[in-house]
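Q: Construct all of the structure, not just a fragment, from the sequences and the given hints.
Residues 1 to 775 (full-length UniProt numbering) are what the sequence shown spells out, left to right.
One or more hints might be untrue.
Claimed, not checked - No farther apart than 30 Å at their CA atoms in a straight line, the calculated lysine-lysine pairs in the DSBU-like style are these:
#1 K559 with K544
#2 K449 with K24
#3 K22 with K448
#4 K574 with K689
#5 K316 with K55
#6 K150 with K102
#7 K150 with K559
#8 K354 with K150
#9 K448 with K150
#10 K150 with K20
To be verified - If you anchor each label on the Cβ, the simulated ranges turn out as follows:
#11 R650 with A586: 35 to 45 Å
#12 W502 with L205: 40 to 50 Å
#13 T549 with F587: 28 to 38 Å
#14 A586 with I40: 49 to 59 Å
#15 S709 with T622: 18 to 28 Å
#16 S713 with T749: 23 to 33 Å
#17 I607 with L577: 25 to 35 Å
#18 S541 with T749: 57 to 67 Å
Worth flagging that the hints you see were computed from the coordinates, not collected in a lab.
In this text the structure is predicted, and so the values were computed from the model without any measurement.
Even for Gly, the Cβ is constructed at its ideal location relative to N, Cα and C.
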Amino acid sequence: MILPVLLPFIIAIFIPFLSKWKEKFHTGIVVTIVPLIIFIYFASFFAGGFSAVTKTYNWVPSLNMNLVFHLDGLSLLFVLLISGIGTLVALYSIYYLHTTEKLGNFYVYFLIFMGSMLGLVLSDNVYALYSFWEFTSLSSFLLIGFWNHKHASRYGALKSMLITVFGGLSLLGALVFMHSITGTTSIQQMLADSEAILNSEFFPLILILLLLGAFTKSAQFPFHIWLPDAMEAPTPVSAYLHSATMVKAGLFLVARFSPMLSSSEWFFIIVSSFGILTLCWGSYMAVRQTDLKGILAFSTISQLGMIMAMLGFGTKAAVFAAMFHILNHATFKGSLFMVAGIVDHETGTRDIRKLGGLMNYLPMTATLAMFGVFSMAGFPLPFLNGFYSKEMFFLSSLDLSGQGDFASIVASLVPYLAVFGSIFTFVYSMYFFFGTFRGRANLGKLPKKPHEAPVGMLISPAILVLLVVIIGLFPSFINEPFISHAATAVYGADASKDIYFWHGFNLPLIMSLTVVAFGTILALTIPRWSSVYSYVPGVLSLNKAYDFTVDKSVSFSSKLTRGYMNGSLALYMKLILGAIILVSFAFFFLTDGFAIDTSQLASVTTIELIVAVTMAIAALGTIFTNNRIAAILILGVVGYGLSMLFIIYRAPDLALTQLIIETVTVALFLLVFYHLPSLNSRGESKPAKISNWIISIGFGLLVTTVAISSHSSKWFDSISSYFVENSYKLGGGDNIVNVILVDMRGLDTIFEITVLGLAAMAIYSLIKIKNKKEE
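A: Written as structure tokens, this is what we have:
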């Protein structure tokens, strides 16, 4: 199972070489084959009935961390969407992206994103999941900013990355907490031990951090603001990332942990509230947009909010409807993004104010758009899959009941808000279709004379629209082998349901008819009520809040950096040493790390005392001398005194090493400081002198404290016995120190030798350069 995940990464290595022949052979042709192979591989799991599969691969065995891939109904749904939609998008991109574009860059980013999404939905190890999660943020940043010569593309890419990476770090915190509580990195084992997490005092924090990760990724209010700006990406990117894959990652995360979290009342309150709010706000704001992809961006936000709300409901009917709508949304929204790309490609604009009447010029595109739009609107027709899941959404909203007061209020408001959001969903759907394809054509406002797109560009949206119709006419075709498995994996028990068009004349049908009636009225009268947007949101904007936060953060960090990065080495040393002192003493205090144990101290001889006193006097002498050379010579006494102590303690090798180092150090210092003025601190200000004293005394106390505590504290068994027992056996040497340096720490020694070799080469190069200049 690891090969399908690695395949996109492997092929991405060769794309830069293949792109050199893009004029003769479009790079997208090779790339299209990759997701197609992955789709066929995972579709083969349906043969003979599907059951969950788990594969384990060694990752960091010493830490008991393995790379585990778990394929169940939920991950299979997402894997088939990632690979299936990926195949169609790659095929579409062959006709959308001209060979003059940087195809090598585009398809490398595309494949990295695809592999990251596959790894994300298949990973059972929480840290592997997080790694793939961040790879999706990074690769989407590159895809959104593909046209990096445009300011809007760079802005949208940075915005998406800042918001989603913030959520990713929050997610990491939640995963670390859950790992610490359960003692396992396996998601399946965490779900099996869910009571430990639910009963933990950290559960509220875990819930908030995990939902922050999900909400930022799936563009839930108020983190939705990155998605409209991400529409600056090429249309294949929008069709892939923002309808079927990346924005669905947050939904996947919530769905994956739903068997554990759904029993919490606050999970229902938070997820349902933010989901239904996102549905209403996204659908309301979509009608305000004038860019076709802008309309689709806010429509995606609203649809994601609806799915998130159903996951928050946590009931059997809601979970089934959520899984069903994830599939439906990928089909109709993917086709509509491609339609928007075709309109832009063939007319030169996406501005709906300049469009209209294109059905006469792009009849096939208009037909595809009609099916996609009316399915998105949830129009009650049996051949539109969007109606089925929208009807299930209404039904699940009516079956809610809260356990607490606040939960009861949320449950009572949800049906009304569901209708409100769905009304505006109908409005923006009609606005998109009729504003683009019906009415009078404005050919004079178009940069290009419109004509039907090439057949190759129509294949992918046509296949998606065909799926819309097939699923609508034959819902059982994908129900039992596909949707029911996914819903069961999320619900934690059998969640299979029958899908059929006619439920009788019941309340959900009345809600749907209400949506159509009020939606039609509002769609026909948009110019008369659109002035409401000047009041709500009016001048208020979350984008302004984002821009203000980013600008102030940059200006503050710049001022802060300029404050301490002033070129003063003395200031840098004070900051570094001051931070070490504060952090170390704080850690000592919080962990009761300071300890004094004199029971194992040896008696002090006269010669040891004389040497130690001499070293102390020499160290103090460096403070009072005003001559740099004198200070270096006096400080050398300290080093040579340490060599004498090594001799007294019968460590001649260490003494010899110390003598060599001390001699070389003193010589180098003398060579360097000979050319500098005398050491004189009279020019320093009084605050500077005080800070010098504080830093010096503080660091001296720290080193003394660490030395005493490390000798007095025996938290772990001494490693010396291991070296004594194994130095000769493993290293073949009688000198333990030599064996440690050469064998036990051989890698360190190799790098030390490498550094010395590089330094020697640098010195030799400098000598050669100097000789050439003199010649």
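Q: Against each hint, give a clear statement of whether it holds in the structure.
A: Hints, one by one, checked against the model:
| no. | hint | in the structure |
| --- | --- | --- |
| 1 | K559 with K544 | holds, 22 Å |
| 2 | K449 with K24 | holds, 28 Å |
| 3 | K22 with K448 | holds, 26 Å |
| 4 | K574 with K689 | holds, 12 Å |
| 5 | K316 with K55 | holds, 29 Å |
| 6 | K150 with K102 | holds, 15 Å |
| 7 | K150 with K559 | holds, 29 Å |
| 8 | K354 with K150 | holds, 22 Å |
| 9 | K448 with K150 | holds, 21 Å |
| 10 | K150 with K20 | holds, 25 Å |
| 11 | R650 with A586: 35 to 45 Å | holds, 39 Å |
| 12 | W502 with L205: 40 to 50 Å | holds, 47 Å |
| 13 | T549 with F587: 28 to 38 Å | holds, 32 Å |
| 14 | A586 with I40: 49 to 59 Å | holds, 58 Å |
| 15 | S709 with T622: 18 to 28 Å | holds, 26 Å |
| 16 | S713 with T749: 23 to 33 Å | holds, 29 Å |
| 17 | I607 with L577: 25 to 35 Å | holds, 33 Å |
| 18 | S541 with T749: 57 to 67 Å | holds, 60 Å |
Of the hints listed earlier, there is not a single one the structure fails to meet.
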